[in-house]
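Colleague: Taken in sequence, the protein lines are chains U and A. To convert, note that position 282 of the first sequence is 282 in my numbering; the numbers rise steadily by one, no gaps. To convert, note that position 89 of the second sequence is 1089 in my numbering; the numbers rise steadily by one, no gaps.
Hints are supplied without guarantee of correctness; some may be wrong.
Here's a subset of chain U near chain A, in silico, CB distances under 10 Å, partners left out [stated by the list, open to error]:
# : residue
1 : 31
2 : 32
3 : 55
4 : 66
5 : 69
6 : 274
Which residues of chain A face chain U? A few of them, derived with a C-beta cut under 10 Å, are [claimed, not checked]:
#  : residue
7  : 1001
8  : 1046
9  : 1090
10 : 1222
11 : 1231
12 : 1242
Derived by calculation from the structure, the hints in this document are not laboratory data. If you're wondering where the values come from, they're calculated on a predicted model, not measured in any experiment. Don't be surprised by glycine CBs; every beta carbon is placed ideally from N, CA and C.
Listed below are the residues making up each chain.
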Amino acid sequence: MSAPDLSITLAGIRMKNPVMVASGTFGYGPEYADLVDLSQLGAMVVKGISSEPWRGNQTPRTVEVASGLINAIGLQNPGAEGFLKTYLPFLRRFDVPVIVNIWGRTVEEYAAVAARLSAAEGIAALELNVSCPNIKEGSKSFGSNADMFQRVIAATRAVTKLPLIPKLAPDVFRIAEFARLAEATGADALAITNSVPAMAIDIETRRPKLANVTGGLSGPAIRPIAVRLVWEAAKAVKIPIIGMGGIYTAGDAAEFFIAGASAVAVGTANFMEPATPLNVAAGLRDYLARHQLGSIRELVGTLAC
Amino acid sequence: MQLETAIILDHRDYGAGYRLLRLAAPQIAPQVRPGQFVHLRIPRLEASVLRRPFSIFKAENGELALLYKAIGRGTTALSAATVGEPLSLLGPLGNGFPLDLPAGRVPVLVAGGYGMAALYLLARRLAAPGLVFVGGRSAQDILCVEEFEALGWKVYVATEDGSRGVRGLVTGPLDAWLAEGCAGRTPEFFVCGPNGLLEVIGQRAMARDWRAWLSVDRHMGCGVGACLTCVVKLQDTDGTWLWARACKDGPVFESRQIHWDRIEEEA
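Taking the hints into account, I'd like the entire structure generated from these sequences.
Modeller: Here it is as structure tokens:
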């Protein structure tokens, strides 16, 4: 039997393997390029880009907790022009689909950054970060308010032909509803899930450990939460799902495929071992061979229950 | 920068609660410049998701030596690592100190506590010896004085409790030396210690139009510039500030680069 096939086509994007990196954990490309051949990634998902440069939060910005990392970087980024000038030419030297995570403070800002990036050559898809605070609308988040969620997807859909991948927030009452809304509004795939709202306190000073007080928890601590969200969403929609949340091993990734994901992304694990996405892909090939599956596609949504 | 599986050659108490860790790291060790650091995966540190940064005490003959104190969860777990054990290293990281001093400058090293260990490699690599000012709470916080003296450096010690050297802060003997006219020479400062120490030395240097190279200590995440945890505010050309990454753009900055009125002390 020949080696199992890891290649996939997701939202029209051909990938050598189904293991991507998660936005915010691999920079814009150059940061890890000395350590990892970017061409061996399923896709390179860059850190969130807004229409204008953004400074993000004050420090401390991250805190390590048991089996996880809480981050409140605050979406610091060089803006669309900065990304196109400084980083996209570098990324285009590699044989890897480039997916750009985008965000805005308003619906109009989402549309503006989507339109600007769509005019550039060399971007495979846009991932919509809909879990950031909505400054214009008060404390609501685009990701947990169904109306705002739909408006962001519709506004970006109207200005780009690129595949759109909304990244769903984990802290919603019914993720299936958001998944269906995204599908009905023109999303091509879903990324599930983002970091989980969390906080940590210094008990001696009684101060929050993050300057932003709260942040998003990622890492192994959230993996069972993410697997459940993928499973719920996969039952509700036909568009493919990219599963993510605390993936460190091929076994972790296999859980997401079985739950219904068509691809996965490795995030926090990159900080400890930058080659984790490559190791996960190699391990998935072994797993498929051991289970006599010819392709990763045969594993998707095979939960026995 | 690369990943290497180093082997522990020796791991012992160094006195005053410090541990000396010697590693065979034939790939990383020859690349190390003073002021750079390594990012270490701590063995058996359960439920941990980040590496830990360590400054480099010695780098020669394919070996690295790290000097550290077991104060947190990471360093406590590391202190149990045994000879022969493999250790995953990422490094060398960061930019390090400049080694080419303008003619006529005397290197003046200023250290708070374990900052001495990181400056020792610099002292070994600079062309000619200079002066070292070191401060700490008490005698047991003062490291490496004999090592610097063996290289021909003049060492001034200050402790807050007066148990070694003069009583008070490290700025005491330093200011006395400055007041005497620096023995007729222009100092070039190299500083490693708490951010408060960096600031007071940086201000002294800027006031006299001297240079001070400051090794900034920040909470660190990835170590390679991706996660944006360890950012520090630098002066922008328009009078405002911009973020730089201590791990990638630093950890060494010249005092004029730093946006001083906004630097924050982290716990």
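Colleague: A separate judgement is required for each hint: does it hold in the structure or not?
Modeller: Tested hints:
no.	hint	verdict
1	31	holds, 4 Å
2	32	holds, 6 Å
3	55	holds, 6 Å
4	66	holds, 4 Å
5	69	holds, 5 Å
6	274	holds, 7 Å
7	1001	holds, 5 Å
8	1046	holds, 8 Å
9	1090	holds, 8 Å
10	1222	holds, 5 Å
11	1231	holds, 6 Å
12	1242	holds, 8 Å
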